[in-house]
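As a plain string of letters, each chain reads:
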Amino acid sequence: MKEKELAELTETALIPAWSMVELTHRCNLVCSHCYVVKDKKKELSTKEVKKVLDQLAAAGNLFLAFTGGEIFLRKDIYEILGYAAKKKFVLTILTNATLLDTAAVKKLGRLGVHELSTSVYSLKPAVHDKITGSKGSLLKVLKTLKEVKKAGISVRIKCALLAENYSEKKALTAFAKKNGYKVLFDPVIAPKNDGSTGNTGNKMGFGALKKIIRQHSGDWFYSKKYLERNVICSAGKNFVAISPYGDVLPCLQIPVAAGNIRKKSLKNIWENSPVLKKIREMKLKDLKECANCKNICYCNRCPGLALLEGGTLYTKSASACEIASIRAGCSHG
Amino acid sequence: MGCKIAKGVAAREIKGKYYIVLPKEMKLIKLNNTGSFIFSLLNKKAGEKTIEKKLSAEYGISKEKAGRDLALFIQELKKAKILS
Numbered sequence: 001m002k003e004k005e006l007a008e009l010t011e012t013a014l015i016p017a018w019s020m021v022e023l024t025h026r027c028n029l030v031c032s033h034c035y036v037v038k039d040k041k042k043e044l045s046t047k048e049v050k051k052v053l054d055q056l057a058a059a060g061n062l063f064l065a066f067t068g069g070e071i072f073l074r075k076d077i078y079e080i081l082g083y084a085a086k087k088k089f090v091l092t093i094l095t096n097a098t099l100l101d102t103a104a105v106k107k108l109g110r111l112g113v114h115e116l117s118t119s120v121y122s123l124k125p126a127v128h129d130k131i132t133g134s135k136g137s138l139l140k141v142l143k144t145l146k147e148v149k150k151a152g153i154s155v156r157i158k159c160a161l162l163a164e165n166y167s168e169k170k171a172l173t174a175f176a177k178k179n180g181y182k183v184l185f186d187p188v189i190a191p192k193n194d195g196s197t198g199n200t201g202n203k204m205g206f207g208a209l210k211k212i213i214r215q216h217s218g219d220w221f222y223s224k225k226y227l228e229r230n231v232i233c234s235a236g237k238n239f240v241a242i243s244p245y246g247d248v249l250p251c252l253q254i255p256v257a258a259g260n261i262r263k264k265s266l267k268n269i270w271e272n273s274p275v276l277k278k279i280r281e282m283k284l285k286d287l288k289e290c291a292n293c294k295n296i297c298y299c300n301r302c303p304g305l306a307l308l309e310g311g312t313l314y315t316k317s318a319s320a321c322e323i324a325s326i327r328a329g330c331s332h333g
Numbered sequence: 001m002g003c004k005i006a007k008g009v010a011a012r013e014i015k016g017k018y019y020i021v022l023p024k025e026m027k028l029i030k031l032n033n034t035g036s037f038i039f040s041l042l043n044k045k046a047g048e049k050t051i052e053k054k055l056s057a058e059y060g061i062s063k064e065k066a067g068r069d070l071a072l073f074i075q076e077l078k079k080a081k082i083l084s
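Chains A and B, in that order, give the protein sequences. Each step along the first sequence adds one to the number in the working numbering, with nothing skipped, and position 318 is 318. Each step along the second sequence adds one to the number in the working numbering, with nothing skipped, and position 52 is 52.
Any given hint could turn out to be false.
Unchecked claim - Here chain A is said to cover these stretches of chain B; the calculated rule only asks that three of the stretch's residues, wherever they fall, bring their Cβ under 8 Å from a Cβ of chain A:
hint	segment
1	23-32
2	66-74
To be verified - Only part of the chain A face toward chain B is listed, based on derived beta-carbon distances under 7 Å:
hint	residue
3	Lys2
4	Glu3
5	Leu6
6	Ala7
7	Gly60
8	Leu62
9	Lys88
10	Phe89
11	Val90
12	Gly109
13	Leu111
14	Thr315
Because the hints were derived from the structure by calculation, they are not lab data. Owing to the predicted nature of the structure, the values given are computational and were not obtained by experimental measurement. Even for Gly, the Cβ is constructed at its ideal location relative to N, Cα and C.
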């Protein structure tokens with residue numbers, strides 16, 4: 001796989017090879033840690049979404065993910081997926097998978113959807129359903145995932161680790177392995193997109209976080225060269241996100257609009273937005289609180305989280321600081 | 001010629017080169033200049049004769065050689081399941 005080469009080339013050349021398009025913020029579940037802030041603005045129409053896809057393809061976008069909210073609440077979802085298939089993207093869909101029946105899954109297979117990514121928080125219905133706020137949601141998801149796999153679509157389980165489910169990480173890992181699913185855990189609960197923290201009440205305590213991080217056998221030491229290069233990740237360089245209302249964002253985690261697709265073309269926004277220009281020019285020295293931190297080499301700070309937690313892209317991120325201090329502690333024995 | 005880009009295959013021209021993704025195999029293939037030249041024509045649904053002619057003109061080679069090279073390239077693309 002030449003993905004690293006493609007990532008480096010597109011990052012240098014500022015080509016949005018990876019994208020996420022939020023099709024709606026509406027959802028049929030009420031997950032306790034959800035970061036989405038619902039808005040009363042008008043969602044992009046079918047025609048507008050197709051125009052976005054045309055512009056993404058023209059800009060060199062290859063890897064496209066549709067997300068929400070719950071994308072299957074859109075009545076035009078299959079028309080949109082069909083159009084994306086015609087435009088030859090590598091297509092991923094993020095869905096809670098509770099609205100899909102057998103026929104719908106088969107249709108997704110025929111459309112050539114590459115991957116379906118969904119959340120499974122626990123293998124215990126009482127735990128999962130409590131987090132999603134919907135009784136019966138776990139059983140529905142697990143049944144659907146089997147059909148998704150059968151339809152030839154890759155399955156990825158995503159799991160936010162919270163106080164009530166972090167102890168099930170091993171069980172979920174084994175479950176995913178047994179069924180041929182990919183699995184991704186996230187110990188960080190981002191505040192809501194308006195910076196409010198009403199959704200973070202169930203996050204793991206320090207002790208639990210420490211336990212989880214210690215289970216990981218990876219090497220967390222980042223060189224200064226790596227840190228300098230990754231002050232800002234791929235956001236706004238080879239990654240772009242579009243909100244359901246047409247806002248062009250450097251990343252879903254950085255809810256700062258660089259422009260709106262209803263007013264300007266993606267090309268124009270991508271090439272001329274002062275917001276994107278500023279983000280692309282971020283340097284390690286700009287992070288006054290972080291540049292000389294003793295734990296900087298153990299930190300994979302997310303600028304989006306820093307923005308949501310600290311108010312600017314340049315402040316420290318409390319969750320990153322917490323994780324970096326645990327990693328440094330582990331590394332120093 | 002009767003070949004077209006296979007279902008599920010994604011391809012984009014980035015900085016003059018074609019990058020092709022085979023999602024099922026999780027493979028990313030980068031074509032060289034000549035490959036990208038041919039693939040851009042295939043992408044526009046150009047026929048074998050047209051591609052041969054353009055290849056011959058672009059690289060200053062005989063039509064016969066262009067035809068042989070094209071046939072080999074198409075065979076490789078089919079083998080890699082990029083063309084069906």
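Hints versus structure:
1. 23-32: n = 7 at 8 Å, threshold three: holds.
2. 66-74: Per the Cβ count (0), the hint is violated.
3. Lys2: Interface hint status for lysine 2 of chain A: holds (5 Å vs cutoff 7 Å).
4. Glu3: This interface hint holds because 6 Å falls under the 7 Å limit.
5. Leu6: OK, holds: leucine 6 of chain A within 7 Å of chain B, min 6 Å.
6. Ala7: 10 Å, violated
7. Gly60: 5 Å, holds
8. Leu62: 5 Å, holds
9. Lys88: 5 Å, holds
10. Phe89: This interface hint holds because 6 Å falls under the 7 Å limit.
11. Val90: 5 Å, holds
12. Gly109: Glycine 109 of chain A check fails; min Cβ-Cβ to chain B is 10 Å, beyond 7 Å.
13. Leu111: Violated, because the Cβ-Cβ distance from leucine 111 of chain A to chain B comes to roughly 9 Å (cut-off 7 Å).
14. Thr315: Constraint on threonine 315 of chain A not satisfied, violated at 35 Å.
Checked against the numbered hints above, the structure breaks hints 2, 6, 12, 13 and 14 and satisfies the rest.
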